[in-house]
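Enquirer: The primary structure of each chain is shown beneath.
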Amino acid sequence: MISLQDYAPIVGQEVIDQLQRLAEGLGPLRLVHINSTAAGGGVAEILHRAVPLLNQLGLETAWEVIEGDQPFFEATKTIHNGLQGFKVELPPELWDHYLEINRQNARKFSWEADFVIVHDPQPAFLIHEMRARARHWVWRCHVDVSRPHFPIWRLLRDIVGSYDASVFSMPQFSQNLPHDQYIIHPSIDPLSEKNRELTEAEINAVLDRLGIPRDKPIILQVSRFDSFKDPLGVIQAFRMVKCHTPCRLVLAGGEATDDPEGPRILAEVQEAAEGESDIHILLLPPDAHYEINALQRAAYIILQKSLREGFGLTVTEAMWKGKPVIGGSVGGIVIQIQDYHTGFLVHSPEGCAFRIRYLLHRPEMARRMGTLAREFARNHFLITRHLRDYLTLITLVRSPGSRVFEF
Amino acid sequence: MSVSVADRVAQNPFWFRDCFIMTMPIGQRAINLRELLHALHEVSDAVLFYHLFQYRLAITTPAVEYPNDFAVWAANSLRDPKLAEKLSSFDPFDYDNLEQLRRAMTDLLEEYLWDLPYIPWARPGMEFYFCEGATVVFRSRISARTLREFYETLKKVGYDSIYYHLFEGRWRLGMREKDDFSYWIETNFGLPELVTAIRNIDVYLYSLPEIQTILLKLLERHLGVPE
Numbered sequence: 000m001i002s003l004q005d006y007a008p009i010v011g012q013e014v015i016d017q018l019q020r021l022a023e024g025l026g027p028l029r030l031v032h033i034n035s036t037a038a039g040g041g042v043a044e045i046l047h048r049a050v051p052l053l054n055q056l057g058l059e060t061a062w063e064v065i066e067g068d069q070p071f072f073e074a075t076k077t078i079h080n081g082l083q084g085f086k087v088e089l090p091p092e093l094w095d096h097y098l099e100i101n102r103q104n105a106r107k108f109s110w111e112a113d114f115v116i117v118h119d120p121q122p123a124f125l126i127h128e129m130r131a132r133a134r135h136w137v138w139r140c141h142v143d144v145s146r147p148h149f150p151i152w153r154l155l156r157d158i159v160g161s162y163d164a165s166v167f168s169m170p171q172f173s174q175n176l177p178h179d180q181y182i183i184h185p186s187i188d189p190l191s192e193k194n195r196e197l198t199e200a201e202i203n204a205v206l207d208r209l210g211i212p213r214d215k216p217i218i219l220q221v222s223r224f225d226s227f228k229d230p231l232g233v234i235q236a237f238r239m240v241k242c243h244t245p246c247r248l249v250l251a252g253g254e255a256t257d258d259p260e261g262p263r264i265l266a267e268v269q270e271a272a273e274g275e276s277d278i279h280i281l282l283l284p285p286d287a288h289y290e291i292n293a294l295q296r297a298a299y300i301i302l303q304k305s306l307r308e309g310f311g312l313t314v315t316e317a318m319w320k321g322k323p324v325i326g327g328s329v330g331g332i333v334i335q336i337q338d339y340h341t342g343f344l345v346h347s348p349e350g351c352a353f354r355i356r357y358l359l360h361r362p363e364m365a366r367r368m369g370t371l372a373r374e375f376a377r378n379h380f381l382i383t384r385h386l387r388d389y390l391t392l393i394t395l396v397r398s399p400g401s402r403v404f405e406f
Numbered sequence: 000m001s002v003s004v005a006d007r008v009a010q011n012p013f014w015f016r017d018c019f020i021m022t023m024p025i026g027q028r029a030i031n032l033r034e035l036l037h038a039l040h041e042v043s044d045a046v047l048f049y050h051l052f053q054y055r056l057a058i059t060t061p062a063v064e065y066p067n068d069f070a071v072w073a074a075n076s077l078r079d080p081k082l083a084e085k086l087s088s089f090d091p092f093d094y095d096n097l098e099q100l101r102r103a104m105t106d107l108l109e110e111y112l113w114d115l116p117y118i119p120w121a122r123p124g125m126e127f128y129f130c131e132g133a134t135v136v137f138r139s140r141i142s143a144r145t146l147r148e149f150y151e152t153l154k155k156v157g158y159d160s161i162y163y164h165l166f167e168g169r170w171r172l173g174m175r176e177k178d179d180f181s182y183w184i185e186t187n188f189g190l191p192e193l194v195t196a197i198r199n200i201d202v203y204l205y206s207l208p209e210i211q212t213i214l215l216k217l218l219e220r221h222l223g224v225p226e
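As they're listed, the protein sequences go chains S and W. Going by numbering that gives the first Met the number 0, the first sequence opens with residue 0, and the numbers climb by one from there. Going by numbering that gives the first Met the number 0, the second sequence opens with residue 0, and the numbers climb by one from there.
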């Protein structure tokens, strides 16, 4: 099992000491995280890593997952899309079903806690049924809610308003709410299967197994098959590049149990890539972390051409592996990619194509960007910083009004 | 470093502190310059403090082109370089307290708007989001008893420590003209030239890495360490 101390060579001993001091300051505490999927997607990944480490820090931390049926996930996907700005319509009966599934889950839960962190809209309504089970409730929103579709936000706002605090990934996502709001950037774990160092032999073996030759520079996008990740725009960009410079495109997507749209988008992507032998579409299981790691390390350039993005942990993963990243200029990608320094921000398939060509012809610049990107990720987006923010969040929510704490 | 100065033991050791800022958006935004001006009349001192000082510890562009959040917004979002220049020349250390500072800023913006035939607007997504910060301070377990130890430790500390001792403590303790570093040197060793040189650093203009380099060079020069 990975221990907190294993992170000291990466982030410095003083960072580990600070975490221990923050945790000691909290005293005995029962913390519960709640989300809607145990595998697939950034939230589940963060919790897989953060929960054991929070326990090591002395916080009695549990992770609960709500269960839902197909109509429930259709409702939450509609809510999710609406929060990200799509003009969706949520039929009243679907909204009622969303509330009902939350009530059913609430009846099944038996825990009591001092502090609850509810992730994203899916389990948000639990507070309505379970308020008395915990002293403090915080809503953690991982979604890009910079311009939510108002009818959807209005529904959710009344629920979120009953929490003690909410947490967003960027100030641009904050809302007019009757409680304190905090900014916590997500993070990656440098010691996880997805991010640990791999040997060249390990990388080659994975690529052989997946049937991807390394004869040409690999351009990679790792993301769910989701319209907001714009896989069709990526294929369009790749076709523009390929006319000029030989390269290979890998679109590697995982499946998340709470995303009913996935199969439809995947079919559209397969159709768009038909007849192109240099495009590889990989549908990987949610636990293919090792394979993703190898693909990212084998890539020459990594793309995240999203049209909306809560944060974009695939960008962080790529940066940590010292790769130049070309990302859509949206959501949390803008914080991570500092245009011309740690990568390139683009606004269209044409922009994406241009920057791919630009980097393919400038290997020295690609290397320099990758090196800067890795240090930037080390300073801001590793799990130790995330743990620090969770501990601080609890400290702050328990002492409303105080703004300076000394440890 | 001459032995007599560098190794003289201080009466009180210097305890370095680290800190970080937890950003707390207040759920209010400005979409144009007039909204920014109105908000600046009303927001709390903590919000002003965040955007003028604490934002330095948040994630910023690698090269600090403008010294505060308001100037950055004027340049990047309003696309108004003239206003960005005016807001950059504005030095918070010229004022005794945040109320005076607020007055000076709102006067500046009001005057600027008065002469404009239009109101500068931010593009969608580039609005100004008001935040405040909660500060978490860690007492370091390392102290410096001599100037040599101080110099060696200063080389190793993070930028957050530089921020804390030069910005945060200075305003919160109401000792704007005296930073923690020069105060400790003055009260323990005298050394008026070094103290004056540190106090003369235009800290508002420099980034935290630059300030650290300047401090180290000053110590090297005044204590005889070869550069």
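No lab work stands behind these hints, which were simulated from the structure alone. Wrong hints could be hidden among the right ones.
Claimed, not checked - Listed below are the simulated SDA-like cross-link pairs for lysine to any residue, each with C-alpha atoms no more than 20 angstroms apart in a straight line:
id, chain 1, residue 1, chain 2, residue 2
1, W, Lys155, S, Pro8
2, W, Lys154, S, Thr244
3, W, Lys155, S, Gly11
Enquirer: It remains to establish, for every hint, whether it holds in the given structure.
Expert: Hints versus structure:
For the suggested pair Lys155 (chain W) and Pro8 (chain S), the alpha carbons sit about 16 angstroms apart, so the restraint of at most 20 angstroms is met. Simply put, Lys154 (chain W) and Thr244 (chain S) have alpha-carbon atoms about 47 angstroms apart, too far for the 20 angstroms limit, and the pair is violated. At roughly 12 angstroms between alpha-carbon atoms, Lys155 (chain W) and Gly11 (chain S) fall within 20 angstroms of each other, so this suggested pair holds.
In terms of the numbered hints stated before, the structure departs from hint 2 and from no other.
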